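Chain A is fixed; fit chain B onto it per the hints.
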Amino acid sequence: MTQPPSMSAAGSGLRLTLRGIGHAYRALTVLQDIDLTVAPGEVLALVGPSGCGKSTLLGIMGGLIAPAAGTVEASGSVADDCLNPVTYVFQDFALLPWRSVRDNVALPLEPHLSRAARAARVDEVLALTSLTAFADAWPRELSGGMRQRVGIARALAVRPACLLMDEPLSALDAQTRTLLLEEFAGLIARAGITTVYVTHTLSEAVRIGHQVAVLSRRPGRVRALLRIDRPIEGRRAADPDLLAMEERIWAMIRDDAATAERERIDAPD
Amino acid sequence: MRRIDGPVAFRGGGFAPRARGWAAAATLIGLVLLWQALEMAGLVPTLFLPAPLAIGRTLWALTLSGELWKHLSASLLRLAIGWTVGTVFGIAVGLAVGLWSALRSPVMAVVAALFPIPKIALVPLFIIWFGIGEGSKIATLGFGVFFPTVIATAGGVDAVPRGLIRMGQSFGLSTWKIVRSIVLPGALPAILTGFRVTTSIAIVLLVAAEMIGAERGIGAFVLAAGNLYDMDALLAGIVVLSALGLIVAWVIGVAERVLLRWR
Numbered sequence: 029m030t031q032p033p034s035m036s037a038a039g040s041g042l043r044l045t046l047r048g049i050g051h052a053y054r055a056l057t058v059l060q061d062i063d064l065t066v067a068p069g070e071v072l073a074l075v076g077p078s079g080c081g082k083s084t085l086l087g088i089m090g091g092l093i094a095p096a097a098g099t100v101e102a103s104g105s106v107a108d109d110c111l112n113p114v115t116y117v118f119q120d121f122a123l124l125p126w127r128s129v130r131d132n133v134a135l136p137l138e139p140h141l142s143r144a145a146r147a148a149r150v151d152e153v154l155a156l157t158s159l160t161a162f163a164d165a166w167p168r169e170l171s172g173g174m175r176q177r178v179g180i181a182r183a184l185a186v187r188p189a190c191l192l193m194d195e196p197l198s199a200l201d202a203q204t205r206t207l208l209l210e211e212f213a214g215l216i217a218r219a220g221i222t223t224v225y226v227t228h229t230l231s232e233a234v235r236i237g238h239q240v241a242v243l244s245r246r247p248g249r250v251r252a253l254l255r256i257d258r259p260i261e262g263r264r265a266a267d268p269d270l271l272a273m274e275e276r277i278w279a280m281i282r283d284d285a286a287t288a289e290r291e292r293i294d295a296p297d
Numbered sequence: 002m003r004r005i006d007g008p009v010a011f012r013g014g015g016f017a018p019r020a021r022g023w024a025a026a027a028t029l030i031g032l033v034l035l036w037q038a039l040e041m042a043g044l045v046p047t048l049f050l051p052a053p054l055a056i057g058r059t060l061w062a063l064t065l066s067g068e069l070w071k072h073l074s075a076s077l078l079r080l081a082i083g084w085t086v087g088t089v090f091g092i093a094v095g096l097a098v099g100l101w102s103a104l105r106s107p108v109m110a111v112v113a114a115l116f117p118i119p120k121i122a123l124v125p126l127f128i129i130w131f132g133i134g135e136g137s138k139i140a141t142l143g144f145g146v147f148f149p150t151v152i153a154t155a156g157g158v159d160a161v162p163r164g165l166i167r168m169g170q171s172f173g174l175s176t177w178k179i180v181r182s183i184v185l186p187g188a189l190p191a192i193l194t195g196f197r198v199t200t201s202i203a204i205v206l207l208v209a210a211e212m213i214g215a216e217r218g219i220g221a222f223v224l225a226a227g228n229l230y231d232m233d234a235l236l237a238g239i240v241v242l243s244a245l246g247l248i249v250a251w252v253i254g255v256a257e258r259v260l261l262r263w264r
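Protein sequence lines correspond, in order, to chains A and B. Adding 28 to a residue's 1-based position in the first sequence gives its number in the numbering used here. Adding 1 to a residue's 1-based position in the second sequence gives its number in the numbering used here.
Chain A on its own, in the form it takes in the complex (with noise of 0.2 Å):
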């Protein structure tokens, strides 16, 4: 069932509008006037040099950072057995190390489900995530690609309406974030749900994105949106139309992320 995002399901998912929103850390302005909208079943890429300010933004649409200034709007219907509209995956993963992979899935259905409910749903994503054969194991046990899996896992046992992803692959080693990225934009894209997805790595953006938001260094603006109009699940890395636009952003971006590795890290990020 692979439809364009913009045809899936009529009338669902989530809108996200951003308008106006702006951030400082004391004196520090991190975001200025960033205005965007993901339209449901979109994946918006979030690209930008070091310390731009691209996380921020994210805790402030998800909720966990409030603005300085703007508002965040998610509009739109959800599913019923839909637990948690806007759902976090992290860099870290933010596993719970003295829980089972299993029961690291569980957590965010606790509140909700009984426990017959609970478990046919943590069975059900760890089949979509590959995980079903390390349910009982550890977090510690698991290489980063697996952890990030179950990271996956968890933000899909809630039936999420809008993932918003930190980096998720930015702590794996490149071979396996290779393989998660086609794994992972599948999953999306089948489910068709609106997505943010912050990376510093431009080829992840132009292979997982319909729309890449540049931003400019510090004070984060949007400095360029660019549109990629071909569905997510046919795309290969080497196609040449994806190289071209990457060498675009690349350009973009390139003197910015220059200045910014020479800077003094002081904004937390």
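By construction, these hints were calculated from the structure, which means they are not laboratory data. Any given hint could turn out to be false.
If you want a taste of the chain A side facing chain B, the calculated C-beta under 8 Å gives, among others [what the hints assert, rightly or not]:
id : residue
1  : Leu92
2  : Tyr116
3  : Phe118
4  : Ala122
5  : Pro125
6  : Leu135
7  : Pro139
8  : Trp166
Now the in silico label distances, taken between C-beta atoms and shown as ranges [unchecked claim]:
id : chain 1 : residue 1 : chain 2 : residue 2 : range
9  : A       : Ala55     : B       : Ile253    : 42 to 52 Å
10 : A       : Asp61     : B       : Ser106    : 32 to 42 Å
11 : A       : Gly172    : B       : Leu115    : 45 to 55 Å
12 : A       : Ser198    : B       : Ala17     : 31 to 41 Å
Owing to the predicted nature of the structure, the values given are computational and were not obtained by experimental measurement. All C-beta atoms in this analysis are idealised placements derived from N, C-alpha and C, irrespective of residue type, glycine included.
Relative to the frame of chain A, chain B by itself:
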């Protein structure tokens, strides 16, 4: 200029001490045997220090007569109640301090001011407040256990990665659910380490409290034996206390292995 010619020597050893259970047991047994040998050789007068065999015989006689259990049961009950009361309140206050800024500085100021006071010095006060009976003894233990538990728990809560708490919030979990499923289990290693300290403190305070106005209890027994210069009985009581400490430490070790097996 210097010429280098030869294999690269290994230099990465050491700095990796390992626990050896048999060595721990062998050392204790060896010391007791050495002690007994010195007595039998006549090198230590038995009046100065009774021999292990004599202490053992006294202990056995006390066990058979029911005298030991009479004192030990009273002590164990006080220990259990006093330690539990101090621990429950300590964990509750420690959690509150770790979670809410409104409580953090005020409570920690009080803890810092009261923690260093030797609780033994407060026993007369506790007797006036809680009576000469069980109340004052349990209060002494409870207060002694409470403060280190607050400090250990608050430290454990501080050590819970903020990212895990944000994760809980990102899934819309309630504050209570976050405390129960993220903060408490995350603080558990520090709390269990605190138990090692507080159980030792509790045993020390137990004996001290039982030396004032108690008829039963290992502390009262040791005090009476000391007043009579009955060194066999005195040391028998002390051996019981040492064994109690070892057993409690072992129980905590088992609890750590079971509860923290994810590490």
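These are the hints, each one checked on the structure:
no., hint, verdict
1, Leu92, "holds, 6 Å"
2, Tyr116, "holds, 4 Å"
3, Phe118, "holds, 6 Å"
4, Ala122, "holds, 4 Å"
5, Pro125, "holds, 6 Å"
6, Leu135, "holds, 6 Å"
7, Pro139, "holds, 6 Å"
8, Trp166, "holds, 5 Å"
9, A:Ala55 <-> B:Ile253: 42 to 52 Å, "holds, 49 Å"
10, A:Asp61 <-> B:Ser106: 32 to 42 Å, "holds, 39 Å"
11, A:Gly172 <-> B:Leu115: 45 to 55 Å, "holds, 46 Å"
12, A:Ser198 <-> B:Ala17: 31 to 41 Å, "holds, 33 Å"
Of the numbered hints listed earlier, not one is contradicted by the structure.
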